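Participant: Start from the sequences and build out the full structure, keeping to the hints where you can.
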Amino acid sequence: MKHGRMVILIMIIIAFGAFLVGCDMGKPQAPAPKQEQTPAPAPAPQAPAAVPAPVPQAGQTPPPAQLGTGSAAPTAQASIPTEAKLNMQQGMNYMRSKDWDNAIKEFTVAIEKFPQYDTAYSNRAVAFMQQKKFNKAADDLKKGVEINPKNATLHYNFVALYSLQNQLDRALDSLDKCLELGFNNYDALRKDPDLNNVRKHPEFRKICEKYKVFL
Numbered sequence: 001m002k003h004g005r006m007v008i009l010i011m012i013i014i015a016f017g018a019f020l021v022g023c024d025m026g027k028p029q030a031p032a033p034k035q036e037q038t039p040a041p042a043p044a045p046q047a048p049a050a051v052p053a054p055v056p057q058a059g060q061t062p063p064p065a066q067l068g069t070g071s072a073a074p075t076a077q078a079s080i081p082t083e084a085k086l087n088m089q090q091g092m093n094y095m096r097s098k099d100w101d102n103a104i105k106e107f108t109v110a111i112e113k114f115p116q117y118d119t120a121y122s123n124r125a126v127a128f129m130q131q132k133k134f135n136k137a138a139d140d141l142k143k144g145v146e147i148n149p150k151n152a153t154l155h156y157n158f159v160a161l162y163s164l165q166n167q168l169d170r171a172l173d174s175l176d177k178c179l180e181l182g183f184n185n186y187d188a189l190r191k192d193p194d195l196n197n198v199r200k201h202p203e204f205r206k207i208c209e210k211y212k213v214f215l
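Residue 188 in my numbering sits at position 188 of the sequence shown, with consecutive numbering throughout.
To be clear, the hints were calculated from the coordinates, so they are not data collected in a lab.
Each hint should be verified, as a subset may be incorrect.
Said to hold, decoys possible - With a Cα cut of at most 27 angstroms, we get these calculated DSS-like pairs of lysine-lysine: (1) 98 - 142; (2) 212 - 200; (3) 133 - 150.
No experiment lies behind these values; they were computed from the predicted model shown.
Facilitator: Below, the structure written as structure tokens:
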């Protein structure tokens, strides 16, 4: 009897153990903990590409130059229409070839396109002087000074006009004014044939030396 009980007990223990193992196998597995992913660093901002400076294209017309180089405050080039600048440049070309009539026509068109073009008045006055049309030259110079009183070249051209007319006192006053405004075309003061009359006056050199201009 004891032996039979022992067998039964062993069988019960084995059955119970099998039951426990089955229960463990049937339990749902807990999910593995998720690993937090470290976000990738944001890319560093790139500097904007440098924009190259514009390169002037071949054949582009530069701003026109004045006949003189002493203007302290010429009309702002940025405000002058391109078409008027082109007429000014063409007028300058005619001046160099001593074609006074066509130069006057070009300067006149430039003035029509931009009535405040003080340099065009100044250059047209020079062309009138070459034709000995002194009254027209005087009118243009006065209009130019009215537009821009600080344009030293306009006052220099008054020196030339008055010298040609042998109005030496007026020429000397204009000489003082143009040097006061910074006129620095000293070669013109030395060699411009239009100044021959006033250059002989003793006050001419004194006024120049007053502004540290030694001829």
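Participant: Please flag the earlier hints that this structure goes against, numbers listed from lowest up.
Facilitator: No numbers; nothing is violated.
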